[in-house]
Amino acid sequence: MSTKQDLYNQCVQLVDTRFKSIQGHISDIQNSLLSETKSSAGDKHETGRAMLQLEREKAGRQLAEINKLRTALSKINIEKKTTHVGLGSLVYTSKAHYFIAVSLGALKSSEKSF
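In numbering that gives the first Met the number 0, the protein residues as written are 0 to 113.
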């Protein structure tokens, strides 16, 4: 497997892991909202529901950002070789190596950091 293919696969795996994690979090919040029962302390109940709804909205925004990353990754053609730096390019400099894709932090391939 080429370095570019390996880095691309790592990116896809990281994004998919984050996607599943956020989906699970949204599901947990939804279950909490459904199980929230009315108590004699009405304000406390409403505050709890409002907090859960805010958490759900925040998770929804995170999910939208993850979907943007998935879209960007889907546009990468790892077979394409170019003379200019662009999405999917491997860039080697005297200081560091870069895989131009989505912002996910440092990745390793063939004992090199990208």
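It is possible that part of the hints are untrue.
Unchecked claim - Restricting the straight-line Cα-Cα distance to at most 27 Å, the calculated cross-link-like pairs of lysine-lysine (DSS-like) are: (1) K79 to K57; (2) K107 to K74; (3) K67 to K79.
To be clear, the hints were calculated from the coordinates, so they are not data collected in a lab.
Status of the hints after comparison with the structure:
| no. | hint | verdict |
| --- | --- | --- |
| 1 | K79 to K57 | violated (37 Å) |
| 2 | K107 to K74 | holds (22 Å) |
| 3 | K67 to K79 | holds (22 Å) |
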